[in-house]
Every structure is written in structure tokens, then in C-alpha cells.
Amino acid sequence: MGIKEFLNLSDEDVKKPMPKPTKWSKPFWEGTKQHKFLLKKCKGCGNIDFPPYLYCTNCMSEDHEWIEASGKGTLFAYAINVFAVPFFFWDDLPYVVAMIDMDEGMRIISNIVQCEHDKIKNGMRVEVVYEEVSPEITLPKWRPAKE
Amino acid sequence: MKKGEFAIIGTGEAPCGNYPERSEFETAYRVAKMAIEDAGINKNEIGAILCAQHIMGNEYNTEMVFGRLPEAIGAKGCKITCMTSSGGASSFSIRKTAEGILHSGETDTVLVVHAQRFSQFTINEQAKYFSIAGSDLEFEVPYGMTYNSLAAMITQGYMTYTGTTIEQIASVCVACRKWAMLQPNAMFNKKELTVEKVLSARMVAWPLTTLMCNVLADGGSAYIMTTAEKARRVCSKPVYILSDASDYSHRLVIRAKDKAMGGIDFLRNIAKKAYERAGLGPGDMDIFELYGSYPIIQLMLLDAVGICEPGKSGAMVASGETSPGGKRPVTTNGEALSYGHTGTGVGFGLFVESVRQLQGKAGRAQVPGARFIMENTGGGAFMDCHFTILGNEIP
Numbered sequence: 030m031g032i033k034e035f036l037n038l039s040d041e042d043v044k045k046p047m048p049k050p051t052k053w054s055k056p057f058w059e060g061t062k063q064h065k066f067l068l069k070k071c072k073g074c075g076n077i078d079f080p081p082y083l084y085c086t087n088c089m090s091e092d093h094e095w096i097e098a099s100g101k102g103t104l105f106a107y108a109i110n111v112f113a114v115p116f117f118f119w120d121d122l123p124y125v126v127a128m129i130d131m132d133e134g135m136r137i138i139s140n141i142v143q144c145e146h147d148k149i150k151n152g153m154r155v156e157v158v159y160e161e162v163s164p165e166i167t168l169p170k171w172r173p174a175k176e
Numbered sequence: 042m043k044k045g046e047f048a049i050i051g052t053g054e055a056p057c058g059n060y061p062e063r064s065e066f067e068t069a070y071r072v073a074k075m076a077i078e079d080a081g082i083n084k085n086e087i088g089a090i091l092c093a094q095h096i097m098g099n100e101y102n103t104e105m106v107f108g109r110l111p112e113a114i115g116a117k118g119c120k121i122t123c124m125t126s127s128g129g130a131s132s133f134s135i136r137k138t139a140e141g142i143l144h145s146g147e148t149d150t151v152l153v154v155h156a157q158r159f160s161q162f163t164i165n166e167q168a169k170y171f172s173i174a175g176s177d178l179e180f181e182v183p184y185g186m187t188y189n190s191l192a193a194m195i196t197q198g199y200m201t202y203t204g205t206t207i208e209q210i211a212s213v214c215v216a217c218r219k220w221a222m223l224q225p226n227a228m229f230n231k232k233e234l235t236v237e238k239v240l241s242a243r244m245v246a247w248p249l250t251t252l253m254c255n256v257l258a259d260g261g262s263a264y265i266m267t268t269a270e271k272a273r274r275v276c277s278k279p280v281y282i283l284s285d286a287s288d289y290s291h292r293l294v295i296r297a298k299d300k301a302m303g304g305i306d307f308l309r310n311i312a313k314k315a316y317e318r319a320g321l322g323p324g325d326m327d328i329f330e331l332y333g334s335y336p337i338i339q340l341m342l343l344d345a346v347g348i349c350e351p352g353k354s355g356a357m358v359a360s361g362e363t364s365p366g367g368k369r370p371v372t373t374n375g376e377a378l379s380y381g382h383t384g385t386g387v388g389f390g391l392f393v394e395s396v397r398q399l400q401g402k403a404g405r406a407q408v409p410g411a412r413f414i415m416e417n418t419g420g421g422a423f424m425d426c427h428f429t430i431l432g433n434e435i436p
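Those protein sequences? They're chains A and B, same order as listed.
Note that the numbering used here has the first sequence beginning at 30, numbered continuously upward.
Note that the numbering used here has the second sequence beginning at 42, numbered continuously upward.
Just so you know, the hints here were simulated from the structure itself, not pulled from any lab data.
In this text the structure is predicted, and so the values were computed from the model without any measurement.
No incorrect hints appear here.
Which chain B residues face chain A? A few, computed with CB under 7 Å, are given here:
{"hint": "1", "residue": "Asn-165"}
{"hint": "2", "residue": "Thr-187"}
{"hint": "3", "residue": "Trp-247"}
For each residue, glycine too, the CB sits at the ideal point set by N, CA and C.
Assemble the whole structure, with the sequences as input and the hints as a guide.
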């Protein structure tokens with residue numbers, strides 16, 4: 030029995046929060062649907078911003094291009110959520126939240142999946158996998174790299 | 042701000058804990074009255090009343106923004122009122138606002154108030170708020186990020202990169218509890234903790250158990266701030282603001298200025314500036330009042346303030362140095378971990394406790410002969426850091 034039935038919650042209580050793409054992040058979410066991890070790169074100074082913002086956080090230029098990341102990275106640190114999360118994540122417990130350093134230099138937050146929890150180690154190589162969570166949204170998640 | 046230009050002359054504090062029947066208005070009135078009485082001034086001397094934002098409490102916020110408090114306490118000389126917030130760093134930004142008002146010369150007496158009541162919200166409402174606060178709605182929240190898991194990740198990383206043990210992390214909670222047991226207003230001041238108890242409590246976000254996570258609580262505090270000149274005239278033991286230093290790092294931890302685990306360089310530079318501006322050093326500090334809210338943050342701050350080798354603060358805390366009777370008292374009110382987490386009020390609690398210590402009014406928690414204190418606060422998802430040095434004399 031899930032948390033919804035157990036506590037007699039409404040659909041709204043257990044509805045997972047979904048990313049709401051902004052004007053300037055939309056290409057990122059279009060990319061994940063095609064299983065591409067796109068990064069917003071400034072044409073003025075070459076800076077890459079993640080998350081993407083309206084203009085470059087380094088030089089304030091709005092002139093940019095979207096480049097495809099390698100989809101590889103290194104695990105920096107992680108936690109395993111086992112209790113006391115909002116109801117909409119309750120049925121996923123336990124799950125791993127991690128900080129990953131992508132090979133392109135940015136640090137991101139995501140989940141580590143397809144890996145037994147006791148096999149997870151800081152410094153391990155990871156690669157992106159894509160999970161379609163709704164018709165509009167595909168979330169990039171990470172698993173141990175098969176290289 | 043010149044060294045010792047402004048001073049605190051009185052404080053007030055409400056018991057911290059679960060008080061659903063005590064409205065935040067009532068708490069604000071009461072702590073304001075206590076501070077006025079403690080300072081020994083007339084309420085009509087107060088020319089500005091500043092309130093800190095109540096996290097989640099929109100009704101209180103609106104009423105305070107609309108000037109309820111000056112009318113309610115009958116502050117006939119009040120000219121300026123405002124509400125300030127920078128989350129956990131509110132106690133700092135509100136004090137800087139008070140300094141600005143005093144500096145303008147419009148008044149020489151400011152009342153600063155904080156009140157919070159979390160118990161009016163359900164656990165799920167609180168969990169929802171704090172899972173989302175400080176995390177990116179688009180790029181972090183959909184992964185089930187919570188505030189606890191953020192602290193857990195930092196703890197896990199810090200342990201790996203410094204060799205700190207989970208027992209040492211737990212010893213921070215034990216030390217905080219020891220202090221809280223000396224504090225009549227602390228939420229958890231009855232039962233002693235042990236490392237074993239902390240580690241065997243229910244796991245929340247591995248490696249953190251429930252006892253390594255702070256508990257949201259109802260509370261409030263207030264103080265009266267004035268110019269050093271007036272303070273000397275009306276108060277037998279004013280507490281002077283000797284220096285402070287600040288820096289902002291990020292909104293999201295993934296974009297921290299200092300990407301190394303522990304952010305030691307970022308924190309250390311701020312502490313260093315605060316020491317230089319006061320003309321004092323780590324060895325001069327009698328107490329460190331540090332805003333941790335999770336044990337790991339207290340350790341990162343201890344690594345930065347110059348009293349131990351970076352990465353070795355866990356061993357220092359485990360040895361009992363920071364506990365009551367130890368040679369380095371740290372967070373003498375028990376901090377968010379045992380005093381209770383009062384939203385924007387954690388920093389107020391530490392600030393008010395600093396003043397009490399320096400005025401010799403800290404009761405059973407009094408550190409004998411305390412002269413100088415380093416106080417700290419920060420907000421957001423560890424977005425910024427502020428160190429303040431306070432003293433009951435101007436060196």
C-alpha cells in the first residue's frame with residue numbers, strides 16, 4: 030500500500046513537482062527528451078551556466094549556443110533519503126540524491142540509479158541515463174559508468 | 042561602522058518549543074517588553090522598530106509590515122518600522138539595518154524583534170516548504186532533494202574528504218545538548234544525549250539520523266540597540282559590536298564559490314576579516330556562537346575560525362573542548378540542534394545569547410569572565426556567511 034492510501038491523501042498531496050521550463054531553459058528540456066544533455070554556452074566569453082539563466086552570469090551577454098555534454102561525470106558526494114521526505118517522494122524511499130561533477134566542469138544535483146547503495150563511492154565515474162517522467166519531461170539521472 | 046560605534050543594552054527571549062496556543066504576535070509583544078525592561082529604558086525612547094520575517098507566517102508578516110507592533114507596544118516615539126529578511130541570515134541583515142538607522146541620526150534607540158510559530162502548520166506543510174526552500178524548482182526539487190538530504194550530502198562528503206568519523210559528527214549534537222540543558226528557554230533541555238543515542242536514532246537521510254537534524258520550533262527574541270554614547274549613559278554593561286565581515290557564495294550549493302568540500306577558504310577569509318577589523322585574534326575569543334543547524338556546518342565553521350587545523354574540528358568537539366567546562370565554549374544556547382530551529386530566529390537566539398554572556402546574565406550557561414565572542418549566521422542553502430565580534434569592552 031502506498032502512502033496515499035495509507036494516509037488517505039489527495040492526488041494533489043502526492044503529485045510530484047515537475048520542472049516548469051522557462052523561456053531560457055526550454056532547449057535543455059527539449060534536449061533531454063531526445064536523450065541529450067545540453068549546456069548553455071556563452072558566445073561572448075565561453076562560460077557555461079548550469080542551471081541556465083537568462084543571460085551569461087560571467088559577462089551578461091545573451092548571445093549563446095547550446096552544446097551537447099559528454100554525459101559523463103564523477104560522483105562528488107551523496108546521501109540516501111530513507112525517511113521524512115514530503116509525501117510526494119515517500120513511495121520512492123530509499124533513494125539516492127547526489128552531487129555530480131560533470132566532465133564539462135559544472136556540479137549538478139541528481140539521483141544515482143541502477144546501483145546498489147553499498148556500491149556507491151565518492152569519486153566513482155558515472156554516466157547519464159534518461160527517465161521519462163511525463164509526456165513533457167524527461168529527467169536525466171546517473172548510473173555507474175560502463176567504460 | 043567604526044569599532045564599538047553601536048551597542049546592545051538589553052535582551053528578551055521567549056521559551057522555545059511547541060507552543061501552538063502562543064501566537065507569534067503575543068511572542069513579539071512579550072519579548073519586546075522583556076528587552077525594554079532589561080535595557081531599563083522607557084518605551085517612548087524607541088525611534089525604530091524592526092521585525093524579522095516569519096517563515097511561512099504570512100498573516101503575521103503582513104500585520105507587522107503594516108506597523109502593528111509600534112502601536113501595540115505604545116512606542117510613542119517610533120518613527121521608522123520595517124521587516125527584514127535574508128532567511129537564516131536575517132539576524133545579521135536586520136542588525137545592519139539598525140546600524141544604518143542609528144547612523145542616520147533620526148533616532149538613537151532601535152528595538153529589534155523576532156517571533157516564529159511553526160506549530161500552526163502540519164508536518165507535511167513544513168516538509169514541503171523546507172524541501173523546496175533553497176533548492177532549484179526546476180533542476181533539484183524533481184530529484185527529491187530536501188534540506189536534510191543536502192546537509193547529509195555535505196556530511197558524507199566532508200567525512201570522506203577529511204577522515205572525520207560519524208561518531209565525531211554525533212558529538213556535536215551531544216555538546217549542543219549539554220549547553221541546552223543549562224538553558225531554561227531551550228526546547229530540549231531535559232534529557233542528556235550520548236553519541237550512541239544519536240547514532241541509533243531513526244535514520245532520516247543517511248548518514249544523518251533524526252537527532253542530527255534540527256527540529257522546527259516556536260520561539261522569539263528581541264533586543265535594544267543604541268549608540269555607544271547612549272549605551273554608556275544608560276547601561277552598566279553594554280555589549281559593543283566590534284566588527285563584522287560578510288560574503289555571499291551562491292543560491293544553489295552546486296554553484297558555490299568555493300567548490301572544495303567544506304568551503305574552508307571561503308569561510309576562513311570572512312573570519313579573518315572580522316578578526317582584523319576588531320584587532321583581535323582567535324585566541325582572544327571566549328566563546329564561539331556559530332549557526333550550524335546541522336552538526337556538519339558547525340564543524341565547517343570551527344575549521345574556519347582559526348582554533349584548529351582544518352578538518353580536525355570533529356576531534357576537537359569529540360574531546361569535549363566545546364562543551365560546558367571545556368576550554369572552547371561553542372554555541373552556549375544549544376543552537377538549532379537542541380535549542381530549536383525558529384526559522385529566521387536561530388541567528389537571533391545566538392545573538393541574544395552572546396549579549397547575555399557578555400553582560401553576565403547567562404545563568405547556568407554563563408562562561409565566567411567572557412569578554413569577547415565571535416558570533417556567526419548565514420542563510421539560504423548555506424548561501425552566505427557573516428561573522429560578528431562582540432565585546433563588553435572596546436579593545
